[in-house]
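Go ahead and model the full structure; you've got the sequences and the hints to work with.
For the record, the sequence lines run as chains A and B.
As numbered in our numbering, residues 15 to 507 make up the first sequence, in order.
As numbered in our numbering, residues 61 to 153 make up the second sequence, in order.
Misleading hints may appear alongside valid ones.
Said to hold, decoys possible - Partial chain B-side listing against chain A, Cβ under 10 Å, derived:
1) Leu-70
2) Thr-73
3) Ala-74
4) Glu-76
5) Thr-99
6) Asp-106
7) Ser-107
8) Gln-116
9) Asp-137
10) Ala-142
11) Gly-143
12) Val-147
Keep in mind that the hints were calculated from the coordinates and are not lab data.
Glycine included, every Cβ here is placed at the ideal spot set by N, Cα and C.
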Amino acid sequence: MNAPETASEIRAAVASRQISAVDVVRAAIDRIRRLDSGVHAFLHVDEEGALARAERVDRRGDELSRLPLAGVPIALKDNICTAGVRTTAASRLLEHYVPPYSATVVERLENAGAVYVGKTNCDEFAMGSSTEHSAFGPTRNPWASDRSPGGSSGGSAASVAAGMVPVALGSDTGGSIRQPAALCGVVGLKPTYGRVSRYGLIAFGSSLDQIGPFARTARDAATVFAAIAGRDPRDSTSSTAPIADCVAALSGDARGLRVGVPRHLLEEGVQPGVHEAFARSLDALKDAGATITDVRLPHAPLAIPVYYLVANAEASSNLARYDGVRYGTRAQGATQPSGKAPTPVPSLSDVYYKTRALFGAEAKRRIMIGTFVLSAGYYDAYYGKAQLVRSLIRRDYELAFAAVDLIALPTTPTVAFRLGERTSDPLQMYLSDVFTVAANLAGVPAVSVPCGLSAGLPVGLQLTGRPFEEATLLRAADAVERRTPAASLPGPK
Amino acid sequence: MRRIATLARLELTADEIETFAEQLSAILAYAGQVQQIDTSGMANADSAIPDSASPQFRSDDLAPCLPRDVVLEQAPDADRSAGVFKVPRVLGS
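Printed below as a string of structure tokens:
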């Protein structure tokens, strides 16, 4: 098949009118129809809407040649609001929710010429590391169907890995873009906190959440990132800091970059095959002109405990809005039929309890932890303390970035784990994010780029950088990508 | 457990209470290691926002909001002509 595969190839073909956006989008939908029964990356494919949107792109005339994502099909994690298209966050609470507005990132993608084709599976409200906490069934890893794609943005990662779409958006609160990107063998970028508007992202941990791209190449990730980044008056935490040209920054090398490796974090729990692939990626960085040194992040081992206090506190607050009154599901038995009141009349409090009983187990666990750590008598000991230790973690990064430009770690300590392997032990599941959560706590950007295989499964290299230096991250990721033998992505079966 | 569930307006089954009690104890014991860290001398946590210029508030200009009927369209129960969400009786019997 000679059809264009990457976003940049598609864009070039559509912009020069060698192929229409409608044809590109139809081909993507065909691939989804053919491949997704074995993967379950998508919760909803918006065929009719996508073709209509593609037609509008084709009609954009002379403007077409200037659109950075002309005709590029993209998948959106189902916690990103799309006007008129169902958005569930993989929860029973929003099973039938049709947002009246689109997220800022959706508007920006459309301005750039991209066409979203559907909404991808995730852990309920983005809470999880395996996509097994979706109310609508798990996603399977395209590399091995008995394994998890990671999570929470597992559907987005799998949709790109399986070649259904060239690019996708996910959200990352503690690793939910980078961890599934690593486990599915694709590139995933978590931008600096504040770089991408959160308007229209269904909130989980508001001080941690960021939307970012999945792609098969660093170049495509850079192009999508450039399209969605920037100040949005509807998100007061979005930044006015200038945006570097991330695509132009891809020089093919890493000359002059100092890369720090916190080896003290790698002493236990990392699979040998992950160690080996990581070592090879450091060689690739050296070959690209970077220098490798040791660096210390003394408080990083506390990132997981701090994260599960801070994130769950914010989650319990954000999920308080699902009460069955203004939108979303009202539980059966809690609905008061219009007209004559039945007896006994359910109380408002019944509506709350019965509706909120529809949360899945993981969401309930997190609401319980968050409610506890915010409750009177425990707030200072848990939440307040966690916020102080979070500051120590952040300051470790500030100190480290005085000496190095990037920090390198494996994205995950293991390759993709088996479905069902960790669902009964929440703490074990949380530990799969051991190398990713610190970047969210510190607000710094981080990328995962494929760096080889271990026993036939992908391994990711994570690079973390200074705030707003995504261009440096993507440049180094691109340099590693060019020096890593292309692992054949699982093709159409 | 029951007190927290009530604060969160969560109806938990007996099974859930049993499973969660064990899991939450393990998670909180693990997370509790932050309490061993010396933070004396730290008055306040740093801002979560890396950009010291943020947050920036938008100018307070009038702009259109979503029409009321569009918003009520998503409500599980509403009286569209009156323009209100409907819930069961709160006061009285």
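Hints, verified against the model:
1. The restraint placing B/Leu-70 at the interface with chain A holds, with a minimum CB-CB distance near 5 Å, inside the 10 Å limit.
2. Below 10 Å, beta-carbon pairs count as interface contacts, and B/Thr-73 has one with chain A at about 8 Å; its hint therefore holds.
3. At its closest, the beta carbon of B/Ala-74 sits 13 Å from a beta carbon of chain A; the interface hint therefore is violated under the 10 Å criterion.
4. Annotation: interface hint on B/Glu-76 holds; nearest CB of chain A at approximately 7 Å, less than 10 Å.
5. Against a cut-off of 10 Å between C-beta atoms, the interface hint on B/Thr-99 holds, since the closest Cβ of chain A lies about 4 Å away.
6. Interface hint at B/Asp-106: satisfied, since its Cβ lies 4 Å from the closest Cβ of chain A, which is below the 10 Å cut-off.
7. Hint on B/Ser-107 holds. Least Cβ distance to chain A is approximately 9 Å, under the 10 Å limit.
8. Here the hint on B/Gln-116 is kept, as its CB sits about 6 Å from the closest CB of chain A, short of 10 Å.
9. Proximity of B/Asp-137 to chain A holds as hinted, the smallest CB-CB distance being about 6 Å (cut-off 10 Å).
10. At about 12 Å, the closest approach between the beta carbon of B/Ala-142 and any beta carbon in chain A exceeds 10 Å, and the interface hint on this residue is violated.
11. Using the Cβ-Cβ criterion of 10 Å, the hint placing B/Gly-143 at the interface with chain A is not satisfied: the shortest such distance is roughly 13 Å.
12. Here the hint on B/Val-147 is kept, as its CB sits about 5 Å from the closest CB of chain A, short of 10 Å.
Hints 3, 10, 11, counting from the list given before, are not met by this structure.
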